[in-house]
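Number of protein chains: 2
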Amino acid sequence: MLVSLSVSICVCRASSIQEDSAMENIVTEKKVEESHRQDSADLLIFIMLLTLTILTIWLFKHRRFRFLHETGLAMIYGVLVGVVLRYGIHVPRDISNVTMSCHVNASPATLLVNVSGKFYEYTLKGEIGANEVNDVQDNEMLRKVTFDPEVFFNILLPPIIFHAGYSLKRRHFFRNMGSILAYAFLGTVVSCFVIGLLMYGCVLLMKQVGQLGGDFFFTDCLFFGAIVSATDPVTVLAIFNELQVDVDLYALLFGESVLNDAVAVILSSSIVAYQPQGDNSHTFEVMALLKSFGMFLGVFSGSFALGVATGVVTFTKLRDFPLLETALFFLMSWSTFLLAEACGFTGVVAVLFCGITQAHYTFNNLSPDSQDRTKQLFELLNFLAENFIFSYMGLALFTFQSHIFNPMFIVGAFVAVFLGRAANIYPLSLLLNLGRRNKITSNFQHMMMFAGLRGAMTFALSIRDTATYARQMMFTTTLLVVFFTVWICGGGTTQMLSCQHIRYRNLLFQMLLCPDFMTPIVGVDSDQDNPVSSERRSTKQESAWLFRIWYNFDHNYLKPILTHSVTFISVCVSNNPLPSHQNECQLKDDDSDLILTDGDINLTYGDITVSTDASGSHTSGGPAFAGAATSDDLDRELTYGDHELVMRGTRLVLPMDDSEPPFTDPHHRMRM
Amino acid sequence: MLVSLSVSICVCRASSIQEDSAMENIVTEKKVEESHRQDSADLLIFIMLLTLTILTIWLFKHRRFRFLHETGLAMIYGVLVGVVLRYGIHVPRDISNVTMSCHVNASPATLLVNVSGKFYEYTLKGEIGANEVNDVQDNEMLRKVTFDPEVFFNILLPPIIFHAGYSLKRRHFFRNMGSILAYAFLGTVVSCFVIGLLMYGCVLLMKQVGQLGGDFFFTDCLFFGAIVSATDPVTVLAIFNELQVDVDLYALLFGESVLNDAVAVILSSSIVAYQPQGDNSHTFEVMALLKSFGMFLGVFSGSFALGVATGVVTFTKLRDFPLLETALFFLMSWSTFLLAEACGFTGVVAVLFCGITQAHYTFNNLSPDSQDRTKQLFELLNFLAENFIFSYMGLALFTFQSHIFNPMFIVGAFVAVFLGRAANIYPLSLLLNLGRRNKITSNFQHMMMFAGLRGAMTFALSIRDTATYARQMMFTTTLLVVFFTVWICGGGTTQMLSCQHIRYRNLLFQMLLCPDFMTPIVGVDSDQDNPVSSERRSTKQESAWLFRIWYNFDHNYLKPILTHSVTFISVCVSNNPLPSHQNECQLKDDDSDLILTDGDINLTYGDITVSTDASGSHTSGGPAFAGAATSDDLDRELTYGDHELVMRGTRLVLPMDDSEPPFTDPHHRMRM
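Protein chains in written order, with the working numbering: chain A, 752 to 1423; chain B, 752 to 1423.
Don't read these hints as lab results, they were simulated from the structure. Keep in mind that the hints are not guaranteed to be accurate.
Identical chains blur together in the list; that is why a pair holds if it fits in one copy or across any two.
What the hints assert, rightly or not - Keeping only pairs whose Cα atoms sit at most 20 angstroms apart, straight-line, the calculated SDA-like set for lysine to any residue is:
| id | residue 1 | residue 2 |
| --- | --- | --- |
| 1 | Lys1190 | Pro1178 |
| 2 | Lys1042 | Arg1188 |
| 3 | Lys1190 | Phe924 |
| 4 | Lys958 | Phe969 |
The structure presented is a predicted model; accordingly, all values stated were derived computationally and were not measured.
From just these sequences and the hints, can you work out the full model?
See the structure below:
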């Protein structure tokens, strides 16, 4: 088995060797220090990029400049810094290269090198293309700026996906569950295969023309289809929230793009796992296909089960210590990811369903203080991770070493992505409309077609493996697809909405016309205007029987068991001296104000927002208000602020007013 | 220059090599996947440890079990898991070893290995002792659980140190500034040299007896002195806060232990940098000493200046977007660290002074919502990092591969640490008392002597380099010193306080006797009872003239320039319809409620706390209260809660009551 192979060891940054061991130590320390300093400087570049992005976002929000979303902005800054790094900075070539030969039989994970009695340990970083070997020495700096792809998958993606799951608008999500699942599962698979087939055609054509410089198999095409089928919730979410777009459209798009990611991850790993046993590994084989399909189902259900399980398990009763609660919540979310990865499932998918479950059940168990803290923590993590990924994308356009820009492939990909999205949305909508009571109208369909941005997940999947020619070309193309969709489609969302005559309510407009609308926006779900009973009835009418059964089971059994909220609510209601509209809303329907809803997101993203901040004071930010505010508006706003205060006040003062004995419910007393 | 040396390449996890490149890819992918899965499982162990710690802390707090602090607990859990990992789990030896020889001249930072035309990149992980080479294969699992030492220094330590700087009780800190600086600088240097000399004596003795198995130079002894001279703020802070110990003692101990860390870091790196030029590198040389001393001064002042500069620069005006503000604040703190490291200064020290400066100036610029968020974020990061380090310490006792337990050295070290602390506290206190108006009494001195725990910084410094025999023995000994001090001294703090008759007020006791005391504890600094004018007078009396000049300059020029608080306060005061006691306190002295004070820390650490939570409701947690609460107490508490509400309410409702035009101050209006 010990086949002797030629090994050339190329030494970068050769050091002179002293006889004295102490001096040698110092040299090693100096080397480590130098490398550490470089690392710090590299990381500093990204931090500065993020800081710059934040400052500009603020400026944009301040000036109500809505064409460019923060993620698009982060990408632009990334591109600029990438250009500077690539062309502006020249690293002096102080590196002497030593190449030697010896015999080794494989590429182990760990190498031990014995230099004059001292052993040095080396860890495998990855494979390098033959053409890059010289680049290794040339572009030390550029290579340093390039992160380990796994960082995206294991560190940056989880908070984003978790936050997405966490902030799913659950009422509308569940009401449109059937359609969302159809788009996310069936639609993504359809899109994946359509894109895969189209790209295969394109690749065959390229081979004919002689434009192809390496292998490109059908599985590669399918893989490309899988990764570009994952639509991104980020940008659309932000814009729709600002504009208060129709809730059903919002639920459809957001739900689809969140679940989409999960499907795309598992689909792509299933495609990679497709391995026929014969000699020619790129032929069709039924067994291998079935195995891949089985893997898809197994990994998905495993990740789903794990996520839901840990989400439910986060059963905190540490109500008196918000810090401990928040820490525990955070750690449980993270351990979901790690557990799934350790079990061979997909961490990202598990985290998604963990987030959904936590928002549905266990979030209600937290004390109000912890709820604020937890929400804000995940919001911050999501914000940082997201902007980091997008600015890194911009940077990668210039700093990534092995881009392959193939115009034909790129054009083909754009066409395929467009057609793939169309093959997802239009036929499925047609089918779904057969069963739906409130149809998905054609302008909704066009909007969904248009809003299929590609983002963080697509990028993370494509950068994960850039070893082969095919993967490198895919990476370059994917980057361009992301850029195009985020800048063009993301920037044009507002225009597209107006063009499609989709109703969206501007908050300012709404405040002037119908002040009653204010109530649902703050803290309470924006679709809470109609009384709870009619709401429940409409849910019954619209949903499928399977979902209705689940809904009833969940509402009657699961929620009471998994949350302490029932006893809590009954206490609140019985002690409530002020039967105000808001109080009823808030107390009777614990769902609506205990999860992240529109109002909460508005707090940070909207530029015309009316929201409640943590200290209970009433905030109305945004320069639009400054411009258009008449004294009437201000008055109304302030009246509302007062109202809001009273509403919160009742919870506090009420035991005194009623002069009742201290509560028997222990965690309620803790809050007082 | 190309000296041929024998290189043995030891292959762990050899893989069979297929001819087919696709199959080879799969094998590599499988290998990477396997390794990734293992990593996830390892990280999961730590997450589970942290979760367990949090749950037990909660239980302890709930049951008012005060002997063991959470850090001590984390260590115990760490030790238990370490034992299980070491003795409980046997990894099957499925690893075939292949050893080959070839020629290489040095240990470069990057290795390129060419296996059958494919290049694999390897990065230098570190040197391995000759006796560990076999362990590498045996204890893959144990080695995997062992983190890169730099993780502690670059990821876990910064938030802890930043939080410490952030939560320095500034009024008392500045009042005792002279003494704190004396203890931290002079004291640490004295302690370092006393311990170094004693250990050198011990080492010489060991050499005589034949107990020494390797080199141990005088610089090693001094290095040991430097790292064990860093006292830890964590445990003492928590206990003192719970017990509301005398504020001066608290300020002295906390201030010392915070600055201590900075001194110890730079001192140890200066000692490492001490390198005489002659052949015998361990002799005394004046030039090298001067160089070391110059380096100490240079690095310290550089780090100090950088920290202060970035702290001041964080000049946020993004008041309307709490998320952006918090993100910016966080990024600026982090970039301070990175910038310092990239410049060759000490990041930890820069972060410390950045924290102090931010708390003093720029924190006041944040909107109230952002202040809460930022505080809570750093609190959480600090909590997680701290408990992680301490549980890792416990784990390292068993999983670290090259412990050297030398009883004689350990006994010597304990004696030296004790004497070193004594040589720091007693002579310095004697000298300081000559100049101080309120003397440091002898029971305070005993308490300071006793409370010199060693913690995270000592550990991080000692694990940073464990290559040589001397360093390994130091690491083992340091670990034991930390364990002893945290468990014995930390656990005995309450007893020691009673024994030394140092006054500390139990909150419950205090509430029953003097309800007026309630005010200062909640949100406001606990030493705010006396009016501001007398406070300022007393500061003038007690401080040295140099400090007085600085204080006046700071108060009259720096603060007004660097914070917007002046205009903000004037607006508040002019519009304030309710001249209640709390309002005046809060508005006139913006220092006291805008930084982390006792009250805030009580919110999370105390087990009998009365505090204000983020939503403005009034919380009184803790089971002690549940046990002893009479209806009188509850009444008083609720009255207070009402009061508190009104106080917050005034800020909200006041423009309506006054029927004034909208505020002219832009950022104030935003908050409304």
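Checklist entry - Okay, which hints does this one fail, numbers in order? => result 2
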